[in-house]
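Protein chains: 2
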Amino acid sequence: MGMVVRDEVRKMKKVAPLVAAMSNEARCVALKKIAEKLVEKQSEIFAENQKDLAAAAENNVPDAVVKRLKFNEGKLNDVVAGIDMLINLEDPIGKITLDRELDEGLRLTRITCPIGVIGVIFEARPDALVQISSLCIRSGNCPVLKGGKETTFTNRILFSIIYDAVIEAGFPEGCMLACEQHNEIDELLKCDGLVDLLIPRGSNAFVRYIMDNTHIPVMGHADGVCHIYVDSEADFEKAIPIIIDAKTQYTAACNAVETLLIKRDDKIKNEFIPKLIDALSENNIQLRGTKEVTELVDAYYEKKAADNAGKLDYEAVDENEFKEYLALIVSAKFVDGVDEAIEHINLHGSHHTDAIITEDEAVADRFIRLVDSAGVYQNCSTRFADGFRYGFGAEVGISTSKIHARGPVGLEGLVTYKYKLVGHGQIVGDYASGKSEFHFKDL
Amino acid sequence: MGMVVRDEVRKMKKVAPLVAAMSNEARCVALKKIAEKLVEKQSEIFAENQKDLAAAAENNVPDAVVKRLKFNEGKLNDVVAGIDMLINLEDPIGKITLDRELDEGLRLTRITCPIGVIGVIFEARPDALVQISSLCIRSGNCPVLKGGKETTFTNRILFSIIYDAVIEAGFPEGCMLACEQHNEIDELLKCDGLVDLLIPRGSNAFVRYIMDNTHIPVMGHADGVCHIYVDSEADFEKAIPIIIDAKTQYTAACNAVETLLIKRDDKIKNEFIPKLIDALSENNIQLRGTKEVTELVDAYYEKKAADNAGKLDYEAVDENEFKEYLALIVSAKFVDGVDEAIEHINLHGSHHTDAIITEDEAVADRFIRLVDSAGVYQNCSTRFADGFRYGFGAEVGISTSKIHARGPVGLEGLVTYKYKLVGHGQIVGDYASGKSEFHFKDL
Chain A
1311 MGMVVRDEVR KMKKVAPLVA AMSNEARCVA LKKIAEKLVE KQSEIFAENQ
1361 KDLAAAAENN VPDAVVKRLK FNEGKLNDVV AGIDMLINLE DPIGKITLDR
1411 ELDEGLRLTR ITCPIGVIGV IFEARPDALV QISSLCIRSG NCPVLKGGKE
1461 TTFTNRILFS IIYDAVIEAG FPEGCMLACE QHNEIDELLK CDGLVDLLIP
1511 RGSNAFVRYI MDNTHIPVMG HADGVCHIYV DSEADFEKAI PIIIDAKTQY
1561 TAACNAVETL LIKRDDKIKN EFIPKLIDAL SENNIQLRGT KEVTELVDAY
1611 YEKKAADNAG KLDYEAVDEN EFKEYLALIV SAKFVDGVDE AIEHINLHGS
1661 HHTDAIITED EAVADRFIRL VDSAGVYQNC STRFADGFRY GFGAEVGIST
1711 SKIHARGPVG LEGLVTYKYK LVGHGQIVGD YASGKSEFHF KDL
Chain B
1311 MGMVVRDEVR KMKKVAPLVA AMSNEARCVA LKKIAEKLVE KQSEIFAENQ
1361 KDLAAAAENN VPDAVVKRLK FNEGKLNDVV AGIDMLINLE DPIGKITLDR
1411 ELDEGLRLTR ITCPIGVIGV IFEARPDALV QISSLCIRSG NCPVLKGGKE
1461 TTFTNRILFS IIYDAVIEAG FPEGCMLACE QHNEIDELLK CDGLVDLLIP
1511 RGSNAFVRYI MDNTHIPVMG HADGVCHIYV DSEADFEKAI PIIIDAKTQY
1561 TAACNAVETL LIKRDDKIKN EFIPKLIDAL SENNIQLRGT KEVTELVDAY
1611 YEKKAADNAG KLDYEAVDEN EFKEYLALIV SAKFVDGVDE AIEHINLHGS
1661 HHTDAIITED EAVADRFIRL VDSAGVYQNC STRFADGFRY GFGAEVGIST
1711 SKIHARGPVG LEGLVTYKYK LVGHGQIVGD YASGKSEFHF KDL
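Order-wise, the sequence lines are chains A and B.
When we follow the numbering used here, the leftmost residue of the first sequence carries the number 1311, and every step to the right adds one.
When we follow the numbering used here, the leftmost residue of the second sequence carries the number 1311, and every step to the right adds one.
Hints may contain errors.
Because identical chains share one entry, a pair is satisfied inside a single copy or across any pair of copies.
[Stated by the list, open to error] No more than 30 Å apart at the CA atoms, straight line, and that leaves these computed lysine-lysine pairs for DSSO-like:
| id | residue 1 | residue 2 |
| --- | --- | --- |
| 1 | Lys1405 | Lys1730 |
| 2 | Lys1633 | Lys1730 |
| 3 | Lys1601 | Lys1613 |
| 4 | Lys1579 | Lys1633 |
| 5 | Lys1751 | Lys1405 |
| 6 | Lys1324 | Lys1385 |
| 7 | Lys1730 | Lys1577 |
| 8 | Lys1601 | Lys1633 |
| 9 | Lys1342 | Lys1751 |
| 10 | Lys1459 | Lys1751 |
| 11 | Lys1745 | Lys1380 |
| 12 | Lys1324 | Lys1633 |
| 13 | Lys1405 | Lys1351 |
| 14 | Lys1324 | Lys1601 |
| 15 | Lys1633 | Lys1321 |
| 16 | Lys1633 | Lys1405 |
| 17 | Lys1633 | Lys1500 |
| 18 | Lys1361 | Lys1614 |
| 19 | Lys1405 | Lys1579 |
| 20 | Lys1585 | Lys1730 |
| 21 | Lys1548 | Lys1579 |
| 22 | Lys1385 | Lys1751 |
| 23 | Lys1745 | Lys1385 |
Just so you know, the hints here were simulated from the structure itself, not pulled from any lab data.
Please build the complete structure, drawing on both the sequences and the hints.
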């Protein structure tokens, strides 16, 4: 396009307050129009998507990426369902979260409002473009969108359909912006003072690069080292499927489990470990355990006198080598109990999502209170950490920061607030001198 | 002290979850003990403060700074009153802000919790040390405190009294930390992964330095360019005292007014401008107006045939030269109406606090909706932007960021949340395959 990003973003900054002031109705009408137009123009969209798929085939793009960049009827139905869900959610804007009379005729109100201009840099997934745009429109924000280059054709038509729908619904010109060139990311990073928030999605290295090269606040997660702690009071019938689901259901996801912490306990060693070994090997999951763990695997196979066929792929590693694999590999070590598990997770985890498997409510409660992560789970898969599964309609990303939004970020993470103070000529001097006094009455 | 900051902060990181799990009662008991001990040991505190005052006199520290570093009975009473107020505020921790059944036996709860380890770097004001510590203890956070060097003696005794009180109340060792050496700030900035949030208070240059030299999230404001827009429907009897209060009540504060925007209107020019000229000159406030403004001042004095005695100090400047003065200087320019005022504020302001003076509710409403600032005021002084005046008990600072807390930051800005998900063995695979389905029931 050859546009100068800063100039376009500066124009967007001017219209952002107008978008912020759009009524709930206008925002919902815009979403309805988007959904209608996407369905209406589906054959054109699919045709553009074919061009991206052809280019991907030519460039030997990996299968996993091709799968994500395909945009078919199934994915169209999903994004349209997501838009319907967003329309039905409560308006996140204009909520009064504090209403206080500071003194007679001096009233303070805190009101939620959009953040403003939000830059989202996301992977090669056309459905992500629709979801992110919809979330921003629903919450009165102006998005600057940069998708993966493998989806250039699909993104271009999707953006143009969405932009037309939004303008038809009465939104101001320039309320959405699409970047296509990779160098435009660096231009965007320099737009501090104009862009209010950046949401990068992608590899650790990419998110770190963004964080290190901008003064704009960044929301995102750099790592997803998720843990499952198997307690002595675990129900093994739950533990095994949860571990397998958390590792295999979407191995490359940030909420996939990477490390198993297991209570050092005879029942566990005698009954759970054999089940775990079989389950891991059946699912082609490699085990990288501490020596204490792998010696049990040795003993298990020795006792079974198993040959190599169907045997677990395992090796002993030092626990300092445990890391985020994003592959069919899981680390494991024994711990003395829930407190050691908590300490390990808080020091070595990434504060994303960590689970305990136990039927002991007191132990579960301790784990949930003391583990310092965005998601603390009992008896379910870490893979549930996701905006759609939380009922948020969609998500713009998952945050492991403790500042602003934490965990899967839906509409609420795209909202800030302002303080409105309405008086009748009050001055601070009168309160400093004692002539007037605050009475702080919540209304 | 010669301590290695990173080692101490690493220990703190380990105890932070224990502090986070302290009961509301335990946190309130700690605050009561702090207040009691401060009163009990007041003569010792005042004696240490005398040492700081003596050093300040020797080093020719400016009067304004000396005034802030003095800690006397009046300031002691204020901080003790602040602690009492904090005790009586609702517990910010453990609030359930979402409670949703995702499916039968799969319950999601969002619970507020402390942020963890918070580094606060603040100016030479002993009362700030007490306020910040109290806010952190009330909200279950572990503070790392670095105060101005001019208050070394006072801060040392205050910290030791507060720390002893907190330990006596059952808090774990190492839950609070004081830095005394300036180089320890740079050590603190490198503690990413251990410190969850930095709150720098001080000059623009200092806050910028912190933001540019750390990967830890920073909450704060770098500028305070606050505006007052005087509308044609302004009540001049309110406008003049508000402008004078906003400029003079505490000139060096970030919420002091810096720029006046005035409706270009005959009534304003004939009636308001003369009142403004007299009020500014009476209060020794220098005016840096656009030519259109200063020509009116010329005309006013010409008509009055005034000599130089008591005459306003004024000069014509280009509006690009308007800035944060933090002194008895105010900028002024005419605008065509509320929309031009809004555009000027959004592009040239610092999103801190901006006020409109008008009796026209529709115009006020437009201003309040479209001005993109933490505080949007009608008919009152910008100086009200303050945690104490908002009824927050105290503040750790004022944020102009739109991420996380915005405006004066009290307890709520020191809080994040976690998602707790309790299941009975649920796995994501079953929802992906359609075997199970979410039903999203808010409880």
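For each hint, the structure was consulted:
no. : hint                : verdict
1   : Lys1405 <-> Lys1730 : both (13 Å within a copy, 25 Å between copies)
2   : Lys1633 <-> Lys1730 : between (47 Å within a copy, 24 Å between copies)
3   : Lys1601 <-> Lys1613 : within (18 Å within a copy, 95 Å between copies)
4   : Lys1579 <-> Lys1633 : within (24 Å within a copy, 70 Å between copies)
5   : Lys1751 <-> Lys1405 : both (19 Å within a copy, 22 Å between copies)
6   : Lys1324 <-> Lys1385 : neither (34 Å within a copy, 45 Å between copies)
7   : Lys1730 <-> Lys1577 : between (61 Å within a copy, 28 Å between copies)
8   : Lys1601 <-> Lys1633 : within (17 Å within a copy, 65 Å between copies)
9   : Lys1342 <-> Lys1751 : between (42 Å within a copy, 24 Å between copies)
10  : Lys1459 <-> Lys1751 : neither (55 Å within a copy, 39 Å between copies)
11  : Lys1745 <-> Lys1380 : between (69 Å within a copy, 25 Å between copies)
12  : Lys1324 <-> Lys1633 : between (45 Å within a copy, 21 Å between copies)
13  : Lys1405 <-> Lys1351 : neither (36 Å within a copy, 46 Å between copies)
14  : Lys1324 <-> Lys1601 : between (61 Å within a copy, 26 Å between copies)
15  : Lys1633 <-> Lys1321 : between (44 Å within a copy, 23 Å between copies)
16  : Lys1633 <-> Lys1405 : neither (42 Å within a copy, 34 Å between copies)
17  : Lys1633 <-> Lys1500 : between (33 Å within a copy, 23 Å between copies)
18  : Lys1361 <-> Lys1614 : neither (54 Å within a copy, 78 Å between copies)
19  : Lys1405 <-> Lys1579 : neither (53 Å within a copy, 39 Å between copies)
20  : Lys1585 <-> Lys1730 : between (60 Å within a copy, 28 Å between copies)
21  : Lys1548 <-> Lys1579 : within (17 Å within a copy, 78 Å between copies)
22  : Lys1385 <-> Lys1751 : between (51 Å within a copy, 25 Å between copies)
23  : Lys1745 <-> Lys1385 : between (65 Å within a copy, 19 Å between copies)
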